[in-house]
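These are the residues of each chain, in order.
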Amino acid sequence: MFRWLKKLDAEDSGLAKIVREFERMLANGRSVFDSAASAYLGAADPSVVRDELIRTDQEINRLERQIRRAIIVHATVYGVSEFPACLVLMSVTKDAERIGDYAKNILDLATYRPKAKGSPYFEQLLDLKARISKMLEDTRELYEAQDSAAAPAFIEVAEILKDQCDDGVEAILTAHDARNIEPADPASTALCFRYYKRVISHARNIVTSIVVPVDRLDYFDESKDTRDGDPPV
Amino acid sequence: MLLLLALLGVFLTAIQLMGGAFKMLGREQADALFEGISNPFAALAVGILATVLVQSSSVTTATVVALVGAGQISVAHAVPIVMGANVGTSITNTLVSMGHITRKEEFRRAFAGATMHDFFNLIVLCIFLPLELATGFLEKSAVALTGVLATDGTGTGTFKSPIKVFFGSIAGAIESFLTDGLSLSGWPAAALALLIALAMIVVALLFITRIMRRLMAARVERAMNELLGHRGLLAMVLGMVMTVAVQSSSITTSLMIPMIGAGVLSLEAAFPVTLGANVGTTVTGLIASLAAGPAGLTIALVHTLFNLAGIALIYPVPAFRRLPLRLARSLADRAVQNRLYVLLYIFGVFVVLPVLGILLFK
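Sequence order for the protein chains is E and R.
With the numbering used here as the guide, the letters of the first sequence map in order to residues 1 to 233.
With the numbering used here as the guide, the letters of the second sequence map in order to residues 1 to 362.
In short, the hints are calculated from the structure, not lab data.
Keep in mind it's a predicted model, so treat the numbers as computed, not measured.
Each hint should be verified, as a subset may be incorrect.
If the Cβ cut is set under 10 Å, some of the chain E residues that face chain R in the computed set are [said to hold, decoys possible]:
no., residue
1, Q66
2, R69
3, A70
4, I72
5, V73
6, H74
7, T76
8, V77
9, Y78
10, A145
11, A149
Pairwise CB distance ranges (calculated) [claimed, not checked]:
no., chain 1, residue 1, chain 2, residue 2, range
12, R, R326, E, V48, 27 to 37 Å
13, E, A27, R, F166, 52 to 62 Å
14, R, L215, E, D51, 18 to 28 Å
15, R, F207, E, D163, 32 to 42 Å
16, R, C126, E, F83, 53 to 63 Å
17, R, L4, E, L87, 25 to 35 Å
Idealized CB from N, CA, C, for every residue including glycine.
Please model the complete structure; the sequences and the hints are all you need to start from.
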């Protein structure tokens, strides 16, 4: 009991502890994305990575619930002065959780054994996978450092990658891309592009929280357009 | 830390000053003033109402400790007041739960979380007040404990606390200022001394609580997070430690209400914390008794023993333990269907009944 009471004296507490748990969510998010995308692109056997991926995703979900509880406790104890930080954490935690969900969706695509390697989009998907993986690591680092100087460049890159994903989907849907080649497995390729885009969007949302106020979370571009002239509501 | 010690000094001086104020009033007038509480039900009602009005059982019990310590009221007469303070203090978290009233399910949980404290205190009161009136077991136990604790080694139980002597001299200086400096005497001097003492108690406890809450915020947060994963005795100890740390059971119990309302803390997990808070809050009376002498210590110990006895009776038996929770849930269900129940309950228990008690039994 005394050891338990002594825990109350530990240094590790408050928002700092919540942020550390959030960063664990992001690290887990990157891990599940890498596994799922590797499985989809044929670098790993989906049946082999599935169990570990599901376990990690469940850990992400558990962390999200734990963070929510901790946020309520923190807001209750510290009151209004901590509300903005709590609201931001509530929002970005949902984004981190969604990354895990989309990784699972990509794994589901992989389970149907698409002929990704035969697809003319294979190289593009492979390149995007590497860049998104790096992006997820950058997301964690930027958030940890609250690096507002580097955040806009990250967001810009995220927008470019999102556009590439959209282009990939559009090309498949219209089948009139420059190469004019049907992908080997059009449905799963389009979905993979779409899920990549969602992962990028959620990573971008997390990073926007570093540079925009609470009410503009997830809307970095719109805020850029109106940041100077927009009167407070 | 220095500020805290200074506030503690103000608090202990006020305890001494209050006793002195009644001595200035004279025995006959003081007796006439407290005649009304010779009836235990009137005393109980005074305890509830006074605590509801000042929103702090610590202020009520500290005042009672001062009065008993100064010999103005007997321990037997003070026991129902202290029991009433226990009931009155639970109004604070009930009022806090009203903040959730616009969200139905949240309010159901929050109101049940708040009123389980009320029901526990009312059940314990219904059992122990008649028992105490019939046997005086709490008073006898506290007197025996006082004999052990407040002794100078001779076994006489007449230990003269140096703290009491020190703060008594400061209180004496204030009294001298009122009588010699302002040339007051009789009831005007006593009334002013009483007002000053009450103001000092309220202000000192208010600031001690605020400072402790700020100083202890990180620990309280850790404790609350720990609480989410624990039940039973550990949670009870946690509630007690937290309450001693922030010097207010209302803070401990009120902090849990938003967590209960949000659904992250169950009634079953919060209940032992509430019981721990009940015990933790009695420390203020024990601190006050440092400046109030053996009789003051006795009534402070009655408060502690009363709460410990309540826990010992209710908590170990699952059927008993579930009773306050069931009653609270049942009331919350009704309150959600019809908000009139909320008003009837709060005004009935905390205002109408005590006022009627005073009017009928004084």
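Contradicted hints - numbers only: 10, 11, 12, 14, 15, 16
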